[in-house]
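K.L.:
Chains as they are written, first to last, in UniProt numbering: chain U, 1 to 345; chain L, 1 to 345; chain R, 1 to 345.
Treat each hint with caution, since some may be false.
[Said to hold, decoys possible] Label-pair restraints from in silico Cβ distances: (1) R:D308 <-> L:K204: 30 to 36 Å; (2) U:S137 <-> L:E332: 54 to 60 Å; (3) U:S137 <-> R:D308: 24 to 30 Å; (4) U:A22 <-> R:Q13: 40 to 46 Å; (5) U:V87 <-> R:E233: 33 to 39 Å; (6) R:E118 <-> L:G235: 55 to 61 Å; (7) L:G235 <-> R:S18: 36 to 42 Å.
Rather than coming from a laboratory, the hints here were simulated on the basis of the structure.
Beta carbons: idealized from backbone N, C-alpha and C, even for Gly.
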Amino acid sequence: MFIRNCWYVAAWQEELTSQPLARTILAEPIVLYRTASGQVSALEDRCVHRSLPLSMGRVCGEHLVCAYHGLSYDHAGRCVHIPAQDVIPKNAQIRRYPVVEKDNVIWIWMGDSTRADETSVPDYPWHSDPGWAHKKSYRHIAAYYELIHDNLIDLSHVGWVHEKTIGGTPEAHSRAEVKVVRSEDQVSVRRWMRDSVPPPTYVKAVDFKGNIDRWMEIRFRPGLVSIYVGANEAGKGVDEDHYRNTFGARIFNGVTPETEHSTHYFWTAAHNFKVDQPAATEALFKEVYATFEEDKMVLESQHSRMRDLPGAPTIDLISDAGGNQARRLVKEKIEEELRHVPVPA
Amino acid sequence: MFIRNCWYVAAWQEELTSQPLARTILAEPIVLYRTASGQVSALEDRCVHRSLPLSMGRVCGEHLVCAYHGLSYDHAGRCVHIPAQDVIPKNAQIRRYPVVEKDNVIWIWMGDSTRADETSVPDYPWHSDPGWAHKKSYRHIAAYYELIHDNLIDLSHVGWVHEKTIGGTPEAHSRAEVKVVRSEDQVSVRRWMRDSVPPPTYVKAVDFKGNIDRWMEIRFRPGLVSIYVGANEAGKGVDEDHYRNTFGARIFNGVTPETEHSTHYFWTAAHNFKVDQPAATEALFKEVYATFEEDKMVLESQHSRMRDLPGAPTIDLISDAGGNQARRLVKEKIEEELRHVPVPA
Amino acid sequence: MFIRNCWYVAAWQEELTSQPLARTILAEPIVLYRTASGQVSALEDRCVHRSLPLSMGRVCGEHLVCAYHGLSYDHAGRCVHIPAQDVIPKNAQIRRYPVVEKDNVIWIWMGDSTRADETSVPDYPWHSDPGWAHKKSYRHIAAYYELIHDNLIDLSHVGWVHEKTIGGTPEAHSRAEVKVVRSEDQVSVRRWMRDSVPPPTYVKAVDFKGNIDRWMEIRFRPGLVSIYVGANEAGKGVDEDHYRNTFGARIFNGVTPETEHSTHYFWTAAHNFKVDQPAATEALFKEVYATFEEDKMVLESQHSRMRDLPGAPTIDLISDAGGNQARRLVKEKIEEELRHVPVPA
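With the hints as constraints, model all of the structure from the sequences given.
P.N.:
What follows is the structure, encoded as structure tokens:
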């Protein structure tokens, strides 16, 4: 169902304070918190004594203290203090999860902790690059996470679902030139739409007067779908050499399964134009927000109908190539884990 | 659980517009819509591509278009257009359901479509007969559909549940003369209450001064329970010859299972007195509406208790004769279908 | 799961009127009512005819009458009248439950009625003793009942959960001297905290100036946990001889399982100081109420987390001695019933 040996977005950096945060990830209840020294930790959200969620407790110095009988836990999930009891049972231990704080994101590793390689945490420099401005959001989506992958990877839906925002001409989206490349750990999809009508969002952003050449790069890795889109006046070219210095926006899409039926969706919208104008950041954010609300409605309805009619036959379209590659990658990783990975301690 | 080869009420005629309507019938999600030419269609409410409910889409001309990637479907449930893709897969097909528009009602056939005989759609001329005026309603009932049959067929409950409206004397209802006749496809129940106190609703309608002779005819067919009630001054007789030209009301009761635990209830109240006075129609409607709200509360509480205590022993009363005949008829039809009917395509 | 041969609190005395009361106990829906003669009865909440809850009906004289078709039941659960039908079927009978009205409490026996010994109903004289004043409450707790036992029996949580009300110093609670005594039918726990900081509630009640000696007596029987707490100025002693005439409060805790996942919690707070001052009763009540709201939040979160992670390993602390004895007692009683008790008629 889920890839475990993978870095997922657990939270935005600023969500982590001395007030513990409860979040379910891959169907496991987790408490996230930041201690007095600033260190971020993630533990099983359950006191080993009587199962109260530790997220109801409080941080004291470097420890997390249970709200029921005052048991204290360290970063490793070991119970290190029991009020009025000198001997701490050896099995007074809960699971801890590796976490990394990077690029304003808290990343968590849900699998075998001995394989948690911090150098494999995705880079996302556009959250701190001065050439880009961004704004964050979080949405809870009542849908299976792979439906979100499909949605982000196959942008042929843009003209239908988002005709009022980023759409443009439906058929132009459907007829876009597309190139899908699968490597071991990721799927990249590139799309080009030459000489097409600019969508409302783009016109608002940079005031295009005539038709445009559009390009979209989607990079899927389990846990993160990075999208880089942009446009130029029609005829000016959509090769990398041409578009690197023109109007562009980057969407960070942290896709973290909560349960089999729901997903945490962490996203940011960054742009490389008018970066010193908060109103421009806000305007882009609002457009993307509206777009994602449209997607949320589609995804949740789709998920709900699939639950109503499990196993109903479906067909694939040509435009599903990228999404299907992503599904294959996820399936392979899960199967590999089931073969090789020991049960986490 | 359900009879499939049967015409059920799917909707009121005026509910069907170019805006698709989602409705679950016999636990199957269905989309109902009217195309530009006025034709009504019913399809499986699921795009064959990625399972979005088609009811979120829109009608374009004679086609229904999915809101996610723009696939178009015709009346037969065939996908006839995929944007930017010339070849349509052969299995791009969803189920369609026969529908008939008649007497202001949209009837649907849920079983084997080769057996859907339009001449077997029930007649209900009183929705258009100028000698009668009527008003419509729809209620969602969180109860198993056969509980509604019981309720409509055994009117001995009227004195207890509806004492404030159509009741009259409880014991008079319980002691009514009753005649039950079962044929292959229906059960008819006739009741006569001679020289009884007129209930408040009747007095409001036609201002009876003294006691009355009442009669009630209930005709049960799977999907539709037709009720014809009326009264005359006491002593004037309750034979057909006498009552055809006196005060009468007809209740149309479309009983369409939604799921095992819920039912669509379509009803109209028609009357043959003061037919040119909308206030009389409204007054009767209000009385019947109040009555059915009382029934709804009973039915839902009953259903809920039966789910709490499945298999608890029960007893039958003499007055259950008609309801039990209806249950037997439903059981026979279901068993017959399980024996003979092929799985619908 | 539940002890059946045991008196549970079904309701407060004043809840029982001629208006029937519906309450689920040990997962069985029950109707409680008081007839014209003042007698209290408890029956299965289901008409034997068509399963409508009898709690929707009405009391007529000594009978309970179903709201659907008017069947009447006596105190023994026998159907004694069917409108318009002379013969009453022999199996027109529903289950009745022994009930006893005592000390303002309606007690119910859920097991084998031949073993319902009214002399074994718990005494609680402080609901009528003029030396004590009290106020009642009822709370619905979405938690397994044994979690409430644990909470009431092991008061080492008081310093953590209730620091703002009855807490005082957390470590003092954890280091309290504790004596646990198990007999066949009950577990008693006594705790003493000498020379400790008075908690806010106690200061409000009797204005202690310095440290206090506190004592707490908890007596657990299935269905009822009686708590007697009090305090004296530090050094004045906490032996029975000393404290009987000082500041004391008694908490009645009727713990009645509703389902496997919820519990009826009937409690009163009584006090032996300022018994003629309603404001004192109210002030104590408010403090205890606030305390129990804190417990409710803990209990429900704990229960919910245990459902999320069934079978997760736990540890016991020294302070669990009393609670664990109570769990053992409950387990023994249930096992004994499964061995010896015939299925109730």
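K.L.:
Which of the stated hints cannot be reconciled with the structure, identified by number in ascending sequence?
P.N.:
1
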